[in-house]
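Chemist: Produce the complete structure using the sequences and hints provided.
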Amino acid sequence: QSVTQLGSHVSVSEGALVLLRCNYSSSVPPYLFWYVQYPNQGLQLLLKYTTGATLVKGINGFEAEFKKSETSFHLTKPSAHMSDAAEYFCAVMVSGNTPLVFGKGTRLSVIA
Amino acid sequence: GAGVSQSPSNKVTEKGKDVELRCDPISGHTALYWYRQSLGQGLEFLIYFQGNSAPDKSGLPSDRFSAERTGGSVSTLTIQRTQQEDSAVYLCASSIEPNQPQHFGDGTRLSIL
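Protein chains in written order, with this note's numbering: chain H, 1 to 112; chain V, 1 to 113.
Hints in this document: simulated from the structure, not taken from any laboratory.
Don't take each hint at face value.
What the hints assert, rightly or not - Here are the computed lysine-lysine pairs in the DSSO-like style, where the Cα-Cα straight-line distance is at most 30 Å:
| no. | chain 1 | residue 1 | chain 2 | residue 2 |
| --- | --- | --- | --- | --- |
| 1 | H | K104 | V | K15 |
| 2 | H | K57 | H | K67 |
| 3 | H | K68 | H | K104 |
| 4 | V | K15 | V | K57 |
| 5 | H | K67 | H | K48 |
| 6 | H | K68 | H | K48 |
| 7 | V | K57 | H | K104 |
| 8 | V | K11 | H | K104 |
| 9 | V | K57 | V | K17 |
| 10 | H | K67 | H | K104 |
| 11 | H | K48 | H | K104 |
| 12 | H | K48 | V | K57 |
No experiment lies behind these values; they were computed from the predicted model shown.
Modeler: Here's what the structure looks like:
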């Protein structure tokens with residue numbers, strides 16, 4: 001399995017829509033995750049998709065939609081805050097006995 | 001504390017020395033993972049423990065790297081004869097079960113001079 005995050009750096013204005021793109025490849029239905037990393041900190045789970053509802057809501061107003069036909073799991077937030085500036089990682093796991101496979105990350109900048 | 005704890009937070013050492021990195025997972029978490037984060041390489045999986053056993057060591061980059069976990073709790077990642085390319089942030093994560101979300105520590109920043 002693999003994960004591709006389009007755009008290593010995304011810049012948005014405060015109050016604007018945030019859209020961070022993630023596409024995955026997997027031979028079996030995957031578990032999908034978004035993590036956020038603030039400077040000098042570890043990764044914090046934003047949201048996860050395992051089964052069931054394809055629109056997943058997470059912390060800090062973020063949500064993501066699993067689209068099997070597009071093999072995508074894009075992360076969105078309607079209105080960016082300055083505090084959202086961080087690095088965001090999309091990850092895939094195909095089963096409980098396999099590790100997370102991460103994308104390269106997208107750095108989000110929020111402009112006042 | 002309630003989270004994953006890693007020590008030391010920073011480590012600077014000379015090339016050729018051995019280093020030990022420690023991870024205290026969240027109490028009750030059976031699965032423990034080590035990852036390495038470096039510029040240009042992103043986040044790389046190193047090793048996974050279920051209890052004290054390591055079913056997947058596929059990510060260890062060389063035989064200079066080893067890890068153990070004792071008592072189903074604390075884990076130590078050891079790097080022998082360190083090289084400059086070992087410089088990175090080493091992240092530990094734990095989960096209550098293998099298919100549950102992983103919770104990460106703040107990492108150990110390792111610098112090899």
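Chemist: It remains to establish, for every hint, whether it holds in the given structure.
Modeler: Each hint, compared with the structure:
{"no.": "1", "hint": "H:K104 <-> V:K15", "result": "28 Å, holds"}
{"no.": "2", "hint": "H:K57 <-> H:K67", "result": "15 Å, holds"}
{"no.": "3", "hint": "H:K68 <-> H:K104", "result": "21 Å, holds"}
{"no.": "4", "hint": "V:K15 <-> V:K57", "result": "24 Å, holds"}
{"no.": "5", "hint": "H:K67 <-> H:K48", "result": "14 Å, holds"}
{"no.": "6", "hint": "H:K68 <-> H:K48", "result": "15 Å, holds"}
{"no.": "7", "hint": "V:K57 <-> H:K104", "result": "22 Å, holds"}
{"no.": "8", "hint": "V:K11 <-> H:K104", "result": "25 Å, holds"}
{"no.": "9", "hint": "V:K57 <-> V:K17", "result": "23 Å, holds"}
{"no.": "10", "hint": "H:K67 <-> H:K104", "result": "20 Å, holds"}
{"no.": "11", "hint": "H:K48 <-> H:K104", "result": "18 Å, holds"}
{"no.": "12", "hint": "H:K48 <-> V:K57", "result": "25 Å, holds"}
In summary, the structure agrees with every hint in the numbered list given earlier.
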